Amino acid sequence: MSLLLIQNLVKRFGAITATDHVSLEVEKGEIHALIGPNGAGKSTLVHLISGLLPADGGSLQLDGQELIHLAPHQRVAAGLSRCFQITSIFPKLTVAENLLLAVQAHQANSFRWFKVRDKDAELKAKAWELAHRMQLESEWNTVAGTLPHGAQRKLDVALAIAATPKLLLLDEPMAGMGPAESEEMVELIQQLRKDMAILLIEHDMDAVFQLADRITVLVYGKVFAQGTAEQIQHDPRVQAVYLGQEDELEKEEGAA
Amino acid sequence: MDRKLVNVDSPPANPPALASNAHARWVSHSVLAVLVLLLGVFPWVAPALGLDYYVDFVRRMLIVSMAALSLNFLIGRAGLVALGHAGFVGVGAYAVVAMVEGGFSNAWLIWLVAAVAGMLISAVIGLVAVRTQGVYFIMITLAFAQMLYYLAVSLRAYGGDDGYTMYSPLLLWEGTDAAGNWLFTLVLLALAAIFLLISRIERSYFGRALEGIRDNETRMQAMGYPTVRLKLLAFALAGGIAALSGALLATQNLFVSPSLMQWNQSALLIVMVVIGGIGLRWGAPLGVAVWLVLEEVLKQTTDYWHAPMGLLLIAVVFLAPKGLAAFFAKKDSAAKKNSYQRKEGNA
Amino acid sequence: ANPIKVGVALDISGPFAGPGAEIKDGLNLAAKLLDNKLGGVPAEFIQADTAGNPETARQVADRFIKRDKVDFFTGPVGSNVVLAVGPTVFGAKVPFLSANPGPSQLAGKQCNPYFFGTSYQNDAMHEAAGKHAADKAYKKVVVLAPNYPAGKDAVNGFKRGYQHTVADEVYTKVGQLDFAAELAQLRAAKPDAVYIFQPGGMGINFIKQFMGAGLNKDMVLISSPFTADQDIIAAVGEPMVGIYNASSYAHDLDNAVNKQFVAEFQKAYGRLPTLYAAFAYDVVMNLNAAVKAVGGKLDDKAAVAKAIKTAKFESVRGNVRYGNNQFLTQDYYLRQVVKTKDGLITNALQPGKIFTAHQDSFAAECGMK
Amino acid sequence: MDSVFLVEQALNGLGYGLMLFLLAAGLTLVFGIMDTLNLAHGALFMAGGYVSASVHTHSGSFLLAIAAGIVVTVALAAVLEAVLIRKLYVRDHLSQVLATFGVILMADDTVKAIWGPSPIMAPTPAALSGPVELFGFLPYPSYRLVVLAAGLGAALALYLLVNHTKLGMWVRAGASNRQMAEWMGIRVNRVFAIVFAMGAALAALAGALMAPISAVQVGMGESILIPALVVIVIGGIGSVRGALIASLLVGLVDTAGRALLPPLLREVLSPSLAADIGPAVASIAMYVLMAGVLVFKPSGLFPAKA
Amino acid sequence: MLEVRNIEAGYGASQVLFGVSLSIAPHQVVSLMGRNGMGKSTTIKCITGALPVRKGQIFFEGKEITNLPADEIARRGIALVPEGRMCFPNLTVREHLVAFARPPANPQKGELAAQAAPWDLAKIYELFPRLKEREHHMGNQLSGGEQQMLAIGRALSTNPKLLILDEATEGLAPVVREEIWQCLWQLKKEGQSILLIDKYAELVNNLCNKVKNIEKGIVQ
Ligand SMILES: Nc1ncnc2c1ncn2[C@@H]1O[C@H](COP(=O)(O)OP(=O)(O)OP(=O)(O)O)[C@@H](O)[C@H]1O
Ligand SMILES: Nc1ncnc2c1ncn2[C@@H]1O[C@H](COP(=O)(O)OP(=O)(O)OP(=O)(O)O)[C@@H](O)[C@H]1O
Ligand SMILES: [Mg+2]
Ligand SMILES: [Mg+2]
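Protein chains in written order, with the numbering used here: chain A, 1 to 256; chain B, 1001 to 1347; chain C, 2001 to 2369; chain D, 3001 to 3306; chain E, 4001 to 4220.
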């Protein structure tokens, strides 16, 4: 049975139905891409899955466990973790403190009000491991807010995977990254898939087609198409509403 | 470029040390020790120096500092700007009244009850309050404090607006009143203990989590923190400490009146904390000391004592934006991350 | 010898800054006339601001006693302040002559050899007003007071004097701004008379809005003397004309002491004195007489207290004397706000007395003889 | 309690509500829209009250008094803005509270030094001193009608200014993201100065209009500050419509609490107990309402910034 | 029309720009390329007056604009689509597009600029129909991409002499990206001067008259 099972999920913002009876499944170990025009409801869907927005209807199961009525932190405990479209870290804290917070959420009881956190060698080791994995060691004591954009994105991902989730939700991880950084991010995601399934939102098609096993296309909040990377890539309807014909464009421009 | 983004190999052992302010902490603790010693002997020598009035003055300063400490914890660590803290001070004070009316006189028991009462009531209020953000939180805490105030005003049994006078001091134990130098010493020790406790909590798992909530609550939720419950605990804790200070105040004055809970008392607490320095270990006591001493002095020199105080506030805002304590706490990395940040508008 | 010290806890700022200033002026005038001597001994009046806050007042009292070692205490405007500082002052056996409020507690069960109701007993003014309403045989009377102890005392006092049941008791918010709702209730109730106790700004708000609603045509407005004295008149003006109020002092009382006081006061401050100023003046005169009586020897506290109680002093209220509870028994008069032919708006003493040598109704509960 | 009485009380409630809005109007602009927590707003209110009251007593002309009150207050506000507030826009709310609290302290002492501690005379314009018959059966203070009209006027003007003028858009933009607004070519400082002056003018107007029906005394500013903040918060910070509706709500609830609650309680409780509880409840009604609203809508009735 | 003479700048202690020079002639489209964190956005912050220039000078249309206030520079005709969109959360889409609108500055006769219809609400909605659908949404009620479109529309509404786009196609669906590129081509034809930062090297190279590379905060 599938890892994540979404059925008829609905979210309305006043007149708009941002998520319109969306149903989709994510299998264990797969990278499932979620693409679609701007405003199709991709981020909204991620908010719904992670619980930061309350759904107006539908069901949401992880490993058979119903999550729809759980608070965000309970969903994390259940094995869901996410990144944000707009980088969301702790800009005033150092990288180390950022990572420690992320690790602490799962490795320790945050209601312990007497024991000094920073003395916890285990936590520190875990945080350090994360920093190493993301090649952020050199920035260990840097204040996160002053990191370059790319590094901040990496930190954002690190905060999410600290939970060692069953399913990772990535909302446009390549956003604001140059080609080089994008490549690296692709590589990172390839690494991560060994440990967790991933639901990936991305407008960088090269990345999507490199990574995704299956793709769901959202349009106006509805599931518009679903299938393997190849199927979607060559689906004329999808090309019309979303992919377009970049190669053609370049020809034309070359001419111009 | 051959630089790889991800290392798969296991990391080099023992991570580098974290940025820490151990030194600043050591300094502040020694300062504390010295102060406690100096203040500890003060009441015993004061009469000889003809300063016995100032014993009560200093004791009041200590008690207010206690409330301010808890407020500074709330604002500086959890980012919860509570404009109703005097309400909880009042709860503590009236808890004493209630106990005395009920025929109790054992100070320890009464103080305990007061602190617990403060915790419970602030927990209940917190259930509603901590779900709101920013100015809404400020105003809802104010609202509840005002409710408590008007409740006290119309409580006939406890004197209402006239206040309630206790004619015999509480007892520490048989034959020893909770008054005079004994009370002074107790208050001093209690304050020192709470000071240490709070700076300890700030470094605990709980304290760090609060810090995270202060800086980016949504992220904390998404990382799996029960943010509401964490904030609630902080709120209740602060409420309890405030109530305790209120109980001690009542014990000292043997008099309680609603004016204790007026909204401008809450505002004054915030003012003192900000003067001293939000999120700074010594912010609260310093702010309280500066404010009360100035008030005492100015009041005796001129009828128009408000104006200079006002000038002081403006001066602090521009000359010491991080509070007076920041001057001493340069190295204290806590200073770097203080202050209740206004949310930037952009989406 | 070192000078006599009088601790004066004033309302220089805060809600009662107005009355506070009156009291200050009354004291200073008296002091000036006695060229800063009490019973011939040089005296020093140490003044401090309580901002009308009981906690602050306690600290002030504390300082007066512990640091300045004052021989006498006076000054506060609010009952709650008097009750707050009481224990501290009495504990140090420092005579406390109240220039304004006389809380029922201190007149009755908790009466104290070191407290003196040199001014009046809170309820008495309201009792007098009630008596007046009864004399006028107003059938239907509504009373209106803020919802705090002094307000409740006022209502009870009035009812005691009125002796019939009042048609309605309306309790308002402390510091209320808008009275439209209450005024509507009054219009609906159509009473013969309405009695209000609304100290400070509340009174001003009420009277302005009462007149604005034109209710003065339908019912008689009787107010406590505090809401109908010079300071309030100065703030409200024309609309005040016609209001009745009962008081134990009036600036046009016909006795030599008062004539001199009023003249001096007008000379010094260019306005008519209020009852606050008058009572403050009396406090100093009372002290003066007492110190003279003990020949300036203030060490025997009990003797001093006794002297304050017994020493005959020249009161602006004519002949007054302390009762067993050390509150003054005095006469109460009816005043009405009028516009004199030269356009001055002020209180005019009405013929006759409401009470003569009236002793407040708590004296009986007081243990002292 | 007959229906006429109820109608009248309802009107009183709405009336009080509009009065509250008038008091809150300026603050809605400065706090709600410019996101600057200016406690000194109360001081400006007081300035308007004192100046117009004195001018009125001396000149006898009410209109002149209002004009003078507004002009002087706006002048003061301009100075205040230039030397202090301007530097506070970019600071967090706490700094703003601290500094403007300082201004209050200084203002109160200044007023006391000039006009003395006692309340001062603020006459009602003779023409408006009496009541008028509303709908033939309801005598209503004619001056109040002026206040209500002013309240409505302020509401309308504010709504248009904030939501339908470029100035309104610029100030909202500048408040939410100063840098970006400047990048779009907006002189944010100038825009804010203008809007702050408008806020001051509204404060002064409120002060001038309230003077004849309330006490003009030191500290009159603080007493209106809390209710003003409350209605803004209930309405949703930054929403003029919200502030108006909240004002009316508070007005109605408060009046109902004072006029209808005591008799009801007397039906069910012993008179003395009713006399105790009734007013107590009435005095906290406003706060209960706010708490209640924030429980269900944590950012007010009409959250402007979703 | 824009002339940057090796400027230096940084944030507090950390210097980021160590001498950046570039010039844009009228009707030219110039691009600044470089890895993350090299100082592209910083350079733009300097040009637009958001970050003090520590050394060097900047000229616009012959007049020096070094360290002028940001709003002054904007009113001289430089419009920016900033990194991270920065839409106003409390303004509606429509308000974004009308509040700051300015008519084109004195289109000289015979100039290419004169032929182009000036940017107004209609023309912008034509470019981004999506925005018309969301006309009454608040800035923070838009999807990332919608915000990006809005940011571009907002800049165009001022009919700038120089348009600066910092990663303007970021987070846009491929189709929309195409449209934007076509729009850029269109603007170029209309003679709009543009300074462009974008990661799609190929497309950039096709479009731009000049591509400058920034390495460690230096541009020759
Ligand atoms: N808070 C909100 N209130 C009202 N409408 C909203 C809100 N948030 C999002 N929307 C609308 O819901 C729709 C879906 O938004 P969403 O952010 O999910 O799009 P998206 O698929 O992530 O687009 P993009 O790829 O550009 O990020 C958009 O049309 C947006 O206008
Ligand atoms: N506010 C800031 N405070 C301190 N350092 C900063 C700040 N903003 C940027 N920096 C640093 O300045 C350097 C250049 O930043 P800049 O944003 O100009 O790079 P960029 O070329 O635009 O990269 P990107 O492609 O990610 O936008 C980076 O190393 C970054 O860490
Ligand atoms: Mg999105
Ligand atoms: Mg950049």
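What the hints contain is simulated information worked out from the structure, not anything from laboratory work.
This structure is a prediction, so every number in the text was calculated from the model and none was measured.
Any given hint might turn out to be false.
Simulated pairs of lysine-lysine, DSS-like, Cα-Cα distance not exceeding 25 Å [what the hints assert, rightly or not]:
(1) A:Lys92 with D:Lys3087
(2) B:Lys1322 with A:Lys92
(3) E:Lys4132 with A:Lys222
(4) E:Lys4055 with E:Lys4189
(5) D:Lys3166 with E:Lys4055
(6) E:Lys4216 with E:Lys4189
(7) B:Lys1322 with D:Lys3166
(8) E:Lys4132 with D:Lys3166
(9) C:Lys2069 with C:Lys2032
(10) D:Lys3166 with E:Lys4123
Verification of the hints:
1. For the suggested pair Lys92 (chain A) and Lys3087 (chain D), the alpha carbons sit about 24 Å apart, so the restraint of at most 25 Å is met.
2. At most 25 Å may separate the alpha-carbon atoms for a hinted pair to count; Lys1322 (chain B) and Lys92 (chain A) meet this at roughly 15 Å.
3. Only pairs whose Cα atoms come within 25 Å are accepted, and Lys4132 (chain E) paired with Lys222 (chain A) is accepted, the gap being roughly 21 Å.
4. Restraint check for Lys4055 (chain E) and Lys4189 (chain E): the C-alpha separation of about 35 Å exceeds 25 Å, so the hint is violated.
5. Our distance criterion of 25 Å between C-alpha atoms is broken by Lys3166 (chain D) and Lys4055 (chain E), whose separation comes to about 37 Å.
6. For the given pair, Lys4216 (chain E) sits about 33 Å from Lys4189 (chain E) by alpha-carbon distance, which is inconsistent with the 25 Å threshold.
7. With a CA separation close to 36 Å, the supplied pair Lys1322 (chain B) and Lys3166 (chain D) exceeds the 25 Å bound.
8. At roughly 20 Å between alpha-carbon atoms, Lys4132 (chain E) and Lys3166 (chain D) fall within 25 Å of each other, so this suggested pair holds.
9. The straight-line distance between the Cα atoms of Lys2069 (chain C) and Lys2032 (chain C) is roughly 23 Å, inside the 25 Å bound, and the hint therefore holds.
10. Distance check on the hinted pair: Lys3166 (chain D) and Lys4123 (chain E) sit about 20 Å apart at the alpha-carbon level, within 25 Å; holds.
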